[in-house]
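Engineer: Those sequence lines, one after another, are chains A and B. One point on numbering: in our numbering, the residue at position 65 of the first sequence is 65, and numbering is uninterrupted. In our numbering, each residue's number is its place in the second sequence (first place is 1) plus 1000.
These are calculated hints, taken from the structure and not from any lab test. From a predicted model like this one, the values you see are computed outputs, not experimental measurements. Among the clues, some could well be false.
Unchecked claim - Calculated pairs, EDC-like style, for lysine to aspartate or glutamate (alpha carbon to alpha carbon, straight line, at most 20 Å):
| no. | chain 1 | residue 1 | chain 2 | residue 2 |
| --- | --- | --- | --- | --- |
| 1 | A | Lys-57 | A | Asp-85 |
| 2 | B | Lys-1057 | A | Glu-101 |
| 3 | B | Lys-1076 | B | Glu-1056 |
| 4 | B | Lys-1081 | B | Asp-1052 |
| 5 | B | Lys-1092 | B | Asp-1005 |
| 6 | B | Lys-1092 | A | Glu-101 |
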Amino acid sequence: KAGVTQTPRYLIKTRGQQVTLSCSPISGHRSVSWYQQTPGQGLQFLFEYFSETQRNKGNFPGRFSGRQFSNSRSEMNVSTLELGDSALYLCASSGGLAGVETQYFGPGTRLLVL
Amino acid sequence: GQNIDQPTEMTATEGAIVQINCTYQTSGFNGLFWYQQHAGEAPTFLSYNVLDGLEEKGRFSSFLSRSKGYSYLLLKELQMKDSASYLCAVSKWMNTGFQKLVFGTGTRLLVSP
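In isolation and in its complexed conformation, chain B is listed as follows:
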């Protein structure tokens, strides 16, 4: 089976930095995605990590440690529009020989003025 854990909710202040953690246990691990989902909208792609280390993309960075089954999403210079749910998703190989995404339940981030 698989298990993906992330905090249910986090709060932060505009301009601050926040780190959203994700831990996973799964067989056939291939890589890890982060998606952002605003209320009532579709998830949108933020980042993808397949190798250990940090991937930086503007105000957002994502880190992966395959040996520890751990990832985090770092959001800098928080803005009000960053209030959303952040979904951690593991890409894993299936017995079919193809991959599928398994999502965590998401972390709801509330940014206050």
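Isolated chain A (complex conformation):
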């Protein structure tokens, strides 16, 4: 089974621009979660989607948004980029059914904001 894939792997943007990141979950997985990872803060939860609906949301400003498509692929968007948005953005997929399930992570998108 193919793993979680994320595109692009690397991205350089300037302040004020917007960016869209993509995540394709493991086949059959319906839940996709997004995380931001920085050296100081560790992995911070952004949001989780299941069957095209946002189920949970972290404490990030409204500039961070996401969506999920009917094939479970997910995108996240960051508008009006700030220097502090430079980070590794990871997505993780799981079956998303009742109970706790292991999340499988993609390789991440490393975003640098100049």
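Following the hints, complete the assembly by docking chain B onto the known chain A.
Structural biologist: Chain B in isolation, oriented as in the chain A frame:
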């Protein structure tokens, strides 16, 4: 809110045993995960504990005490390739009725020859 604490960095010698501790305070606790993350790579699943006690999986074991809000990851017969960050993550119930993972900041383990 929630609070998850683990040491920032640890060092150990090849062949030795190391224990990485994680303490947590959170409402809606359901279970605890450990992930391994090599530099520049994605986190990979190591273990999951929901009941008190020890779960053993090869060279790695994980322990949970729900009453004490405490977990540890035990790595035996350390190898150089075990040099990585080890992330403790709590699964908790949200007001939405669904669960989410909350991660600690990770423990960077350096294994030396």
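Engineer: Does each hint hold? Answer for all of them.
Structural biologist: Verification of the hints:
{"no.": "1", "hint": "A:Lys-57 - A:Asp-85", "result": "holds (17 Å)"}
{"no.": "2", "hint": "B:Lys-1057 - A:Glu-101", "result": "holds (18 Å)"}
{"no.": "3", "hint": "B:Lys-1076 - B:Glu-1056", "result": "holds (11 Å)"}
{"no.": "4", "hint": "B:Lys-1081 - B:Asp-1052", "result": "violated (29 Å)"}
{"no.": "5", "hint": "B:Lys-1092 - B:Asp-1005", "result": "holds (16 Å)"}
{"no.": "6", "hint": "B:Lys-1092 - A:Glu-101", "result": "holds (12 Å)"}
Violated hint for the displayed structure: number 4, the only one.
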